[in-house]
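Each chain, written out:
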Amino acid sequence: MKVKPLGDKVLVEVLKAEEKTKGGIILPDTAKEEKTEGKVVAVGPGKSLESGSFQPLEVKAGDKVIFGKYSGDEIVIEGTKHKILKENEILAVFE
Amino acid sequence: MKVKPLGDKVLVEVLKAEEKTKGGIILPDTAKEEKTEGKVVAVGPGKSLESGSFQPLEVKAGDKVIFGKYSGDEIVIEGTKHKILKENEILAVFE
Amino acid sequence: MKVKPLGDKVLVEVLKAEEKTKGGIILPDTAKEEKTEGKVVAVGPGKSLESGSFQPLEVKAGDKVIFGKYSGDEIVIEGTKHKILKENEILAVFE
Amino acid sequence: MKVKPLGDKVLVEVLKAEEKTKGGIILPDTAKEEKTEGKVVAVGPGKSLESGSFQPLEVKAGDKVIFGKYSGDEIVIEGTKHKILKENEILAVFE
Amino acid sequence: MKVKPLGDKVLVEVLKAEEKTKGGIILPDTAKEEKTEGKVVAVGPGKSLESGSFQPLEVKAGDKVIFGKYSGDEIVIEGTKHKILKENEILAVFE
Amino acid sequence: MKVKPLGDKVLVEVLKAEEKTKGGIILPDTAKEEKTEGKVVAVGPGKSLESGSFQPLEVKAGDKVIFGKYSGDEIVIEGTKHKILKENEILAVFE
Amino acid sequence: MKVKPLGDKVLVEVLKAEEKTKGGIILPDTAKEEKTEGKVVAVGPGKSLESGSFQPLEVKAGDKVIFGKYSGDEIVIEGTKHKILKENEILAVFE
Numbered sequence: 272m273k274v275k276p277l278g279d280k281v282l283v284e285v286l287k288a289e290e291k292t293k294g295g296i297i298l299p300d301t302a303k304e305e306k307t308e309g310k311v312v313a314v315g316p317g318k319s320l321e322s323g324s325f326q327p328l329e330v331k332a333g334d335k336v337i338f339g340k341y342s343g344d345e346i347v348i349e350g351t352k353h354k355i356l357k358e359n360e361i362l363a364v365f366e
Numbered sequence: 272m273k274v275k276p277l278g279d280k281v282l283v284e285v286l287k288a289e290e291k292t293k294g295g296i297i298l299p300d301t302a303k304e305e306k307t308e309g310k311v312v313a314v315g316p317g318k319s320l321e322s323g324s325f326q327p328l329e330v331k332a333g334d335k336v337i338f339g340k341y342s343g344d345e346i347v348i349e350g351t352k353h354k355i356l357k358e359n360e361i362l363a364v365f366e
Numbered sequence: 272m273k274v275k276p277l278g279d280k281v282l283v284e285v286l287k288a289e290e291k292t293k294g295g296i297i298l299p300d301t302a303k304e305e306k307t308e309g310k311v312v313a314v315g316p317g318k319s320l321e322s323g324s325f326q327p328l329e330v331k332a333g334d335k336v337i338f339g340k341y342s343g344d345e346i347v348i349e350g351t352k353h354k355i356l357k358e359n360e361i362l363a364v365f366e
Numbered sequence: 272m273k274v275k276p277l278g279d280k281v282l283v284e285v286l287k288a289e290e291k292t293k294g295g296i297i298l299p300d301t302a303k304e305e306k307t308e309g310k311v312v313a314v315g316p317g318k319s320l321e322s323g324s325f326q327p328l329e330v331k332a333g334d335k336v337i338f339g340k341y342s343g344d345e346i347v348i349e350g351t352k353h354k355i356l357k358e359n360e361i362l363a364v365f366e
Numbered sequence: 272m273k274v275k276p277l278g279d280k281v282l283v284e285v286l287k288a289e290e291k292t293k294g295g296i297i298l299p300d301t302a303k304e305e306k307t308e309g310k311v312v313a314v315g316p317g318k319s320l321e322s323g324s325f326q327p328l329e330v331k332a333g334d335k336v337i338f339g340k341y342s343g344d345e346i347v348i349e350g351t352k353h354k355i356l357k358e359n360e361i362l363a364v365f366e
Numbered sequence: 272m273k274v275k276p277l278g279d280k281v282l283v284e285v286l287k288a289e290e291k292t293k294g295g296i297i298l299p300d301t302a303k304e305e306k307t308e309g310k311v312v313a314v315g316p317g318k319s320l321e322s323g324s325f326q327p328l329e330v331k332a333g334d335k336v337i338f339g340k341y342s343g344d345e346i347v348i349e350g351t352k353h354k355i356l357k358e359n360e361i362l363a364v365f366e
Numbered sequence: 272m273k274v275k276p277l278g279d280k281v282l283v284e285v286l287k288a289e290e291k292t293k294g295g296i297i298l299p300d301t302a303k304e305e306k307t308e309g310k311v312v313a314v315g316p317g318k319s320l321e322s323g324s325f326q327p328l329e330v331k332a333g334d335k336v337i338f339g340k341y342s343g344d345e346i347v348i349e350g351t352k353h354k355i356l357k358e359n360e361i362l363a364v365f366e
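Protein chains in written order, with the working numbering: chain U, 272 to 366; chain R, 272 to 366; chain P, 272 to 366; chain H, 272 to 366; chain A, 272 to 366; chain E, 272 to 366; chain B, 272 to 366.
No wet-lab data here; the hints were simulated from the structure. Among the hints, erroneous ones may be present.
Claimed, not checked - Heads up, simulated DSS-like pairs for lysine-lysine below, C-alpha to C-alpha not over 30 Å straight-line:
| id | chain 1 | residue 1 | chain 2 | residue 2 |
| --- | --- | --- | --- | --- |
| 1 | B | Lys310 | E | Lys275 |
| 2 | H | Lys275 | A | Lys335 |
| 3 | R | Lys273 | P | Lys287 |
| 4 | A | Lys275 | E | Lys357 |
Taking the hints into account, I'd like the entire structure generated from these sequences.
Structure below.
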């Protein structure tokens, strides 16, 4: 099964606790909004421009990303929790 | 009877429970907004651009799509539940 | 008497119950906003563009259209109920 | 005395009951906002465009127009009630 | 002392009761917002455009203008009440 | 120490009572928002344009300006009260 | 570990009390919003333009910046508090 986001939307697999970065990034619950980590699975063609073309997204499949825990729309694909996020809801890519 | 959406609007047939994807995508009720599945029936010419032309939509008739259960406007055509959605209310296309 | 809408506005005659499509489209009252049917009587020159020209509207006189019952502004012309709607308040054209 | 509206503004003389269209247009009080009739007295140069020029207005002096009773700003010129309206507050021109 | 407005702002001297137009324009208190009269003292270079230039204002020093009594920012220059208004807060020029 | 504002922001030294203009401009407390005077210390490169360049600001270091007492963000530099304001929060330059 | 902000976002290390500028800038708590100091660690490619390119940011890694204490999103990287801010949430660069 293949899920293809539209426009500037990004499909992200939400990382489970045991998959999360250890020691490195801590996403404090005390912040305004709890953050979480995910892995980009698929991206839309980009934001549509007045010229009629698309501006490609900055993130690509495989990128590890940080985003607000309550951002975007949650869907479950073959038992795994995913999010559909607008690219500007992604705070950063990390390695 | 033919219903033709305008602009960046999309006419979607809402899938009945028995037509829904099995096993694959689960659209959890616990998410912020309940999601549902549908099949695109007809699309508008696209978003109007400053150049006076239209930016064609990404989705096309026949595409299976995911959207928020309470998004768009509901109409019933020959006994079947449909939605008229703006393309940006569609979260993703799936196969 | 001739009523000419401005800009991207559309003059629509609201169809009476006995003129409404039978069997075909049902516009459920249970939806977020009650829908109704109408026939386009006159259209404005279109949305004004930065180039100084107008983007012609998609609908034309004679088109049968669906719109929200409480959308637009109601006026009565020679005893018949009409609406002045912005084109983007029209959900779809049907035949 | 001459009053010259700016930009996309229009000076409209509000028609008195005895001057109003008879039989033709009825502007029902039961609608969301009461409508009224007026005659355009003067128009601004138009909406300013990014090119630095103006997009001329669609209405011209002498046009009879319909608008919301509480739209725009009321001024009294030589004893006669007028409104200064933005062109997009005018619903339609009628003859 | 010279006060020079920025951008699309206009410095207006608020006319005192005895300087106001007699007989001609009456600015009714019963309207949504009380109007008042003033004389333009100085204007900014205009609204900045995407091209990097300015669109000159329509009003010029010496113009008599009508505006909402509570629009803009009040300053007193050498004992005389003034307003700094954005040009689009000015309803009309009159002679 | 040098503080450099970004974009269309302006660093302004807030004038103390004894430095304020005498007789000339009075900034009445009775107005909607209390005004105050300041001297521009540094300006940002300007508002970013779609062309990728900046539109230079109208104000420059040394200009005496009027602005709302509660506009912008207050910072204290070497004991002296300053404001970081967007240029469009500055009402006028005076001499 | 490398964290790369997207678009016009900036990763800033929040300075600890003992690292803060002494004597120079005081960021008063009494202001509308408490300010704080930080050091830019990484910047996104810039704001996306209609041309499809990016407008590079004004700040660069190493810049010392002032921003509102509650602006942006907090993340902790290897034990150190950081913020992800949009560039326009940064008030100024200082040296």
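Status of the hints after comparison with the structure:
1. Taken as a hint, the lysine 310 of chain B and lysine 275 of chain E pair is honoured in the structure, with Cα atoms around 15 Å apart against an allowance of 30 Å.
2. Distance restraint check for lysine 275 of chain H and lysine 335 of chain A: the Cα-Cα separation of roughly 10 Å lies within the 30 Å cut-off, and the hinted pair is therefore satisfied.
3. In summary, the hint linking lysine 273 of chain R to lysine 287 of chain P is supported, as the alpha carbons are separated by about 21 Å, within the 30 Å threshold.
4. Of the supplied pair hints, the one linking lysine 275 of chain A and lysine 357 of chain E holds, its CA atoms being roughly 17 Å apart against a limit of 30 Å.
Hint violations for this structure: none, all hints satisfied.
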